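Visitor: Letter by letter, the chains look like this.
Number of protein chains: 2
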Amino acid sequence: MIYLDNAATTKPVKDISRLYADYSESGWFNPSALYSPALSVEKEMESSRSVIKSVINAPDMIFTSCGTESANTVIFNGWRRKGKEKFHFITSSYEHPCVYEAFRHLEELGHDVTYVVPGKKGYIDEEDLVKEIRPDTALVAIMHVNNETGAINDITSLSRAVKKANPDTLFFSDGVQGFLHVPFDMKNSMVDYYSASAHKIHGLKGTGALFFRHDSPLREYIYGGGQERNLRSGTENTFGIFVFQKAVSDHLSRNEEISRHLSELKEKCVSSLMKIKGAYLISPERSSDHIINIAFEGVRGEVLLHLLEQNSIYISTGSACSSKKRTYRIHDSVGVPHNISECVIRISFSDENTLDEIDELCKVTELAVERFSRYSRR
Amino acid sequence: MIYLDNAATTKPVKDISRLYADYSESGWFNPSALYSPALSVEKEMESSRSVIKSVINAPDMIFTSCGTESANTVIFNGWRRKGKEKFHFITSSYEHPCVYEAFRHLEELGHDVTYVVPGKKGYIDEEDLVKEIRPDTALVAIMHVNNETGAINDITSLSRAVKKANPDTLFFSDGVQGFLHVPFDMKNSMVDYYSASAHKIHGLKGTGALFFRHDSPLREYIYGGGQERNLRSGTENTFGIFVFQKAVSDHLSRNEEISRHLSELKEKCVSSLMKIKGAYLISPERSSDHIINIAFEGVRGEVLLHLLEQNSIYISTGSACSSKKRTYRIHDSVGVPHNISECVIRISFSDENTLDEIDELCKVTELAVERFSRYSRR
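Line by line, the protein sequences are chains A and B.
Every letter in the first sequence is one number past the one before it in the working numbering, and letter 10, counting from 1, is 10.
Every letter in the second sequence is one number past the one before it in the working numbering, and letter 168, counting from 1, is 546.
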């Protein structure tokens, strides 16, 4: 099997058996209980929090159940304005559904939302963003790395520009595809909120993080016992948190090596695939090394996906969550014509992929594109 | 170690090593992806859903991240009325914080909430409830089993009475302490929504369920890719779901044996503890076999908790999530005077506890109560 859909999810960290053995022996207590084994669990959870925060030098963080919940929490409760009932929001037209659909809901509630379009360059332009800011703009949300194209937004500069235009406007960045892939220093930026998801970096599904500043307004979205700093209720997913911490630690211990390796994989993969007939690269110059978004004109993405699958090579046509209701919102946003959008595939790496696998992918893709073209009725 | 705080959380199922081996080999794919290994994961997830639904004969169910999220989803979006902006809600004064705090938030939003008080009998009376129903009552929420006293509410009768009084009123029951402990047939009741949490029945933390009827209105609370039947977004916590399914299956295979065992444990424990000086039983006659709520007058609950802890016996003074901000809301609701409330402990069993452990608990408790009384300055 050659797994190249790491932007959808990643294989969980190896050697979890000791972690689970420890967990089922002494790590499963309720961290809110008052006896000492429970206090140890709470302490271990706080130590996990420190490790995970350190990745982006974040002031504070709460654990959530996923990147989607983190984004919803900010969009619905990560701002608090007074004086009137409806406010203005800005986001981009190519956000992940967890951000896009949440803003659509704010519109339903009567708020005003501006969707900034990245256009052909592939990322959000500072001027395009700043000119939309109004005195009543409560929150701006611009993703760090686009989940389909891999485009990197310079959220440090964008957040500074936003605050300069309106110091009362808050800035959120969905960091699910950026966390551990693209360096970011939260304290050195003006970003108020940033989200991450464990299963995108070899953790388990069901564990997310929401990073924030102490002085950025935030109210709980899930009400109850107040477990996570009174900002997220529900018993913490401790096992997921410990695996998250392990995944982050493993990565950090080989950070540079992983970066170098991913960069090599991408370079080789792009240069080989671009030699194939009809190749059209969508990922812009400034994009994360773990994502390649490419189309082969005349070969529908789904057809290519299944042709590759016959060779046990797994890729995607776009984000997994929208795989069953395909739209071209993201590719429309970056000016890709529909005859190309329908041919798009996304190849996404983890550090476990090898150069040999890339060779195999490129070879099979070339044959598949050729074979399909031969039988095509076009 | 004698663990008697199973209402806070339970030790996860044994023999998970094969489950995790399978998961990390072939179960970790994103269930929304289009290739066949991902479709297998989706299929396994659907089979888990069927097993878990079967426990209460539920029409349908979505996976959530916890009981708290399930409750919030219903209270904020499990009803939909038109014609005016503010509606009326009814709940009980002794609900878990995930329900109580959510209703407090509905009050903040301008809705009208009535809190029905169980009083000394310990459970919600049908007449007391029905007389509060108004034409604009959108939702009634009455928990199945109280998390501190163990009291069982007859939600089948209550839901029928509510629908008789107002067919448009929806009925939710927080089933976190009832699920697998107290028999319930959802299709045979008029309950619209019911919630459960995996870690209370030997699953992992971070996995919850929300059961519902197809014709009961429900809107998503966490917006995004629409993974769970368009009612809950975010990549599903597949490993948590598989462990949830295993925990349920293990229980179902020994259902009667477990019931009998828990009933024996409780009977023995209550009769022995009630012989101790100053004992005051709070759990009413009709209460779940896995919870005993009792006080020893003159010995503060926290003191007794730590005295027992010195003997490696772990109990609680109340629900874990409110352990660090102790209030007497629940005991006030059932008419317990404050000099007793502050002495309350909760002992909660799982099928792994033994009669010998109960002997040990009772012996140590008796000595602790005696010792404390001797040195007490009262």
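None of these hints come from the bench; they were simulated from the model.
The structure presented is a predicted model; accordingly, all values stated were derived computationally and were not measured.
Each hint should be verified, as a subset may be incorrect.
Said to hold, decoys possible - Calculated lysine-lysine pairs in the BS3-like style (CA-CA distance at most 30 Å, straight line): (1) B:392 <-> B:462; (2) B:509 <-> A:11; (3) B:389 <-> A:14; (4) B:498 <-> A:82; (5) A:120 <-> A:131; (6) B:499 <-> A:11; (7) A:131 <-> A:275; (8) A:14 <-> A:86; (9) A:11 <-> B:431; (10) B:462 <-> A:86; (11) A:14 <-> B:421; (12) A:53 <-> B:498; (13) B:460 <-> A:11; (14) A:84 <-> A:163; (15) B:542 <-> A:84; (16) A:43 <-> A:53; (17) B:498 <-> B:646; (18) A:164 <-> A:121; (19) B:565 <-> B:509; (20) A:82 <-> B:392; (21) A:43 <-> B:389; (22) A:268 <-> A:86; (23) B:392 <-> A:14; (24) A:14 <-> A:121; (25) A:82 <-> B:421; (26) A:86 <-> B:392; (27) B:498 <-> A:84; (28) B:498 <-> B:542; (29) B:392 <-> A:43; (30) B:421 <-> B:499; (31) B:462 <-> A:84; (32) B:460 <-> A:86.
To be verified - Covered stretches of chain B, as calculated for chain A (at least 3 residues, CB under 8 Å): (33) 389 to 400; (34) 403 to 410; (35) 546 to 556; (36) 642 to 650; (37) 683 to 693.
What the hints assert, rightly or not - One-sided and incomplete, this derived list gives chain B residues near chain A with beta-carbon spacing under 10 Å: (38) 437; (39) 438; (40) 629.
Just so it is clear, CB atoms sit at the ideal spot from N, CA and C, and this is done for glycine as well.
Visitor: Between the alpha carbons of residue 43 (chain A) and residue 53 (chain A), is the straight-line distance 30 Å or under?
Guide: holds, 15 Å
Visitor: Three residues minimum, CB to CB under 8 Å: does the stretch 389 to 400 of chain B make the cut for coverage by chain A? Let me know.
Guide: The restraint on the stretch 389 to 400 of chain B holds, since 6 of its residues have a Cβ under 8 Å from chain A and three suffice.
Visitor: Does the closest beta carbon of chain A sit nearer than 10 Å to the beta carbon of residue 437 (chain B)?
Guide: violated, 23 Å
Visitor: Against the 30 Å threshold, does the CA-CA distance of residue 462 (chain B) and residue 84 (chain A) hold or violate the hint?
Guide: holds, 21 Å
Visitor: Sort out whether residue 11 (chain A) lies within 30 Å of residue 509 (chain B), counting only the CA atoms.
Guide: violated, 55 Å
Visitor: Can you confirm whether the C-alpha distance between residue 389 (chain B) and residue 14 (chain A) stays at or below 30 Å?
Guide: holds, 23 Å
Visitor: Below or equal to 30 Å on CA atoms is what counts here, so check residue 498 (chain B) against residue 542 (chain B).
Guide: This hinted pair holds, its Cα atoms lying about 26 Å apart.
Visitor: Tell me if chain A covers the stretch 642 to 650 of chain B under the three-residue, 8 Å CB rule, please?
Guide: violated (count 0)
Visitor: Residue 86 (chain A) and residue 392 (chain B) were given as a pair; does the straight-line alpha-carbon distance stay at or below 30 Å?
Guide: violated, 52 Å
Visitor: Does residue 82 (chain A) sit within 30 Å of residue 498 (chain B), going by the straight-line distance between their CA atoms?
Guide: violated, 44 Å
Visitor: Would the hint linking residue 84 (chain A) and residue 163 (chain A) be met if the CA-CA limit is 30 Å?
Guide: Holds: residue 84 (chain A) and residue 163 (chain A) sit about 21 Å apart, inside 30 Å.
Visitor: Let's test the interface hint: is any C-beta of chain A closer than 10 Å to that of residue 629 (chain B)?
Guide: Status violated, d = 17 Å.
Of the numbered hints given earlier, the model fails hints 1, 2, 4, 6, 7, 8, 12, 13, 15, 20, 22, 24, 25, 26, 27, 30, 35, 36, 38, 39, 40; all others are met.
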